[in-house]
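Chains as they are written, first to last, in my numbering: chain W, 8 to 184; chain X, 36 to 310.
Since the hints were derived computationally from the structure, they do not count as laboratory data.
Here the structure is a predicted model, which is why all the values come from computation and not from measurement.
It is possible that part of the hints are untrue.
[To be verified] Examples of chain X residues toward chain W, derived with CB under 7 Å:
1. N159
2. R160
3. I162
4. M183
5. L232
6. N254
[Unchecked claim] Straight-line Cα separation of at most 30 Å, DSBU-like style, residue types lysine-lysine; simulated pairs:
7. X:K41 <-> W:K165
8. X:K236 <-> W:K143
9. X:K236 <-> W:K131
10. X:K297 <-> X:K266
11. X:K266 <-> X:K148
12. X:K148 <-> X:K180
Cβ atoms here follow ideal geometry from the backbone N, Cα and C, with glycine treated the same way.
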Amino acid sequence: MKKILTAILIIITFFIIYFLQSNFFTWFTISGVMPNLFIIFVLWIGLFIGKKTGLICGLIFGIYIDILIGKQIVISGIMLGLIGLIAEYIDKNFSKDSRLTIMLIISASTIIYETGMYAFQIIKWGVNIEILAFLKILLLETLFNVIISIILYPLITKLGNFAESKFKTKTIMTKYF
Amino acid sequence: MYKNRKTGIIGITITIIILIIVVILSNTNLQEISYIENIFSSIVMPIQNGLTFLKNKIAGNESFFADLETLKEENENLKAQNSKLEQSLRELEIIKSENETLKEYVNLKDKYKNYQTIPAYIINRDISNFSKTIVINVGEKDGIKPNMTVIADKGLVGYVISTTQNTSKVQTIIDPSTSVSSLITSSREEVIVSGTLENSKTLKVEYIDADAVLLENDNLETSGLGGIYPKGIYIGTINKIVNTQNSIDRYAYAETAVDFSKLETVLVITNEQGE
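Next up, chain X with everything else stripped away, as it sits in the complex (with noise of 0.2 Å):
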């Protein structure tokens, strides 16, 4: 009995420490390898320190004779100076990423001045995998109604499909069950662009004349039909054409220009053309 026990609770700590594993080796880029220096060095230093003491002492060095009484004095104003700076940089900080969101907001309004703008803060993601909608910190008190376009620094982030008093709910353009009406902005061709469940990156690129000229690196922005989206937000770059047999199905792939991953702050169009 005592044995079963015990051999659940190892396999039940082995299953975590493998879970962890997996989730930090399918997210992480391995290539960065700064953060397995830092592990390395972190074994290494305290050695290396310990080395240059015994190597300082062995040389004489007078400062390893103070007196101790001197150094615990010392030692007590640098930890009460030490603190002092530490607070002061928590304040920094805090003031720090206030003025980033403050300068983010300034640039989106600056690039989309032709359009009246709330700004607004995402406060929830959806909990399914098959779908892309977000929750922002603005409702109907703001003026937020349905159908209403939001977008981000780099371009189209989706539309208000409803809202409450204080949030508002927003349908992705990655969302596979939303399609936004577009044009190629080299070609002027127009296209129909969907989420898909590849990625939170990638987008479907359908509905391609058959005679349009359709090239990688190829600009998507909205075209303005549809009643939704304004003209001209920029969607995203194609980055792979998938020619078949008959060029009327033809299709292609674009990424994203928005990075919805780390999206944290968007902003509301209330009204086309605003003053």
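This is chain W alone, in the form it adopts within the complex (with noise of 0.2 Å):
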């Protein structure tokens, strides 16, 4: 039952991040650039949740995303997906204990993200090549999902450890072995 009860949770954050990112960091951005919230969310069920979770949600938003305001179909669905299955790698290797480590975690899956989104539209659809312009957008909206990371990382820890001690029987920390 609780299973159900933290699913639902989990679409209803995915709407409410939804409306967020279309709406009020349209105008709350810095130098005109937004954060990705969605990142942060796929990473959080990947860590927290597990179990393919993390890989399963991200296709579904990432398509679901796609499907209201992309351009292609698939790939955000394929991105965010990796990061859900990256969260899971992690959570198999490093502690998620840290405020450092989860910043850190942001960091990457944001580069991550985004380069192969970028890479993803010059590939398809023949993009000018602005190494510059793309360098400055990947720094800020880094920059802003972790600060976002800082300010919210009490509730994604709280949470994380109610959703963990409902999905999952034991984490095995990998590299003490």
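Hints in hand, dock the two standalone chains.
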């Protein structure tokens, strides 16, 4: 029952994030650059719920975003799914109890996700390569995501530990074996 | 433990404040200092009012000694009147806003009377920093089909890439993956205009003929080639020319006619040269 409730909460959170991204963060920007809360959300699912849920949620959410606003379907799904998968891998190898670790994971994930998205645009649409403009956006977006993760850190860990206790039976850190 | 928690809360609060300051500063034109004046006046005005009140009292202003009951009654009446006026003001503001939207539609219709158009509102914007698509509130039910051109009061917006029953997705000309075949209005030279990652106002002008005469402040309009955009729709103005060693590679930057950050209403051209 609690698992169903958590699943419903995940869906509700997805929609809250979607409306925040498409309304509030279209004007609450740093030099016109928006954060990407979906990366943080999928990372959270992968890190604390696991069991391939991060991958599946990333895929579903990404495809849904593409259908709603994207130019092409699937790419956001693939990239967010990848982030979910990376989160599960990180969960097995690193401790997520440190604020610094979470910040580094979010930075790395934002860089991987956005670089993948931009590379896809170049390959699929033949977009002009603008390295400096891309790096500027990437840097600001990463910074924005990190700042948000600092603000949300207590909530992330509290809800994460709750979800972990419901979904995961045991956590083994393979690096110690 | 308690100290760590307290430090954490202080840290989060400071981070939130820094974030808000960064966002505000990065989006504000510092030359506009009128709001700073407002802040200063709001600090000074209560003190100024108090001083005036004291001055009046000392000067023996008779109105200060007026009957308290009468003043209370008068105050109640004024409050009621004020709330009525506030309500009327709100209603008038709604009417004014509707009127402005309708005027915008009429202006748009007049400007592009050669085309049959459908007005629409923007209901959603892209959530990615690397693409610039928008969603409008008209769809298949209203006769919208993919590849139809979307314009605004000042010029070209983009084209419809997909539709649902009630909405349509529009790829704007500022999207880096959009290329528009264009003409330089004065010299009639053909060029290709595409979106950039720079900002939501800048376009890149490429494939400029080696012999073409290109000047700053030249206007750009659609050439009609490519099968999507009709001919003669204003795109923007060239504001920077970048000359390279090889004149074939030279390019320019243009500013869009439409301010995409403030764009709210658009028109979808359903057919060229309509009745």
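Hint check results:
no., hint, verdict
1, N159, "6 Å, holds"
2, R160, "5 Å, holds"
3, I162, "4 Å, holds"
4, M183, "16 Å, violated"
5, L232, "4 Å, holds"
6, N254, "23 Å, violated"
7, X:K41 <-> W:K165, "16 Å, holds"
8, X:K236 <-> W:K143, "17 Å, holds"
9, X:K236 <-> W:K131, "24 Å, holds"
10, X:K297 <-> X:K266, "25 Å, holds"
11, X:K266 <-> X:K148, "14 Å, holds"
12, X:K148 <-> X:K180, "20 Å, holds"
Of the hints listed earlier, those the structure fails to meet are numbers 4, 6, in rising order.
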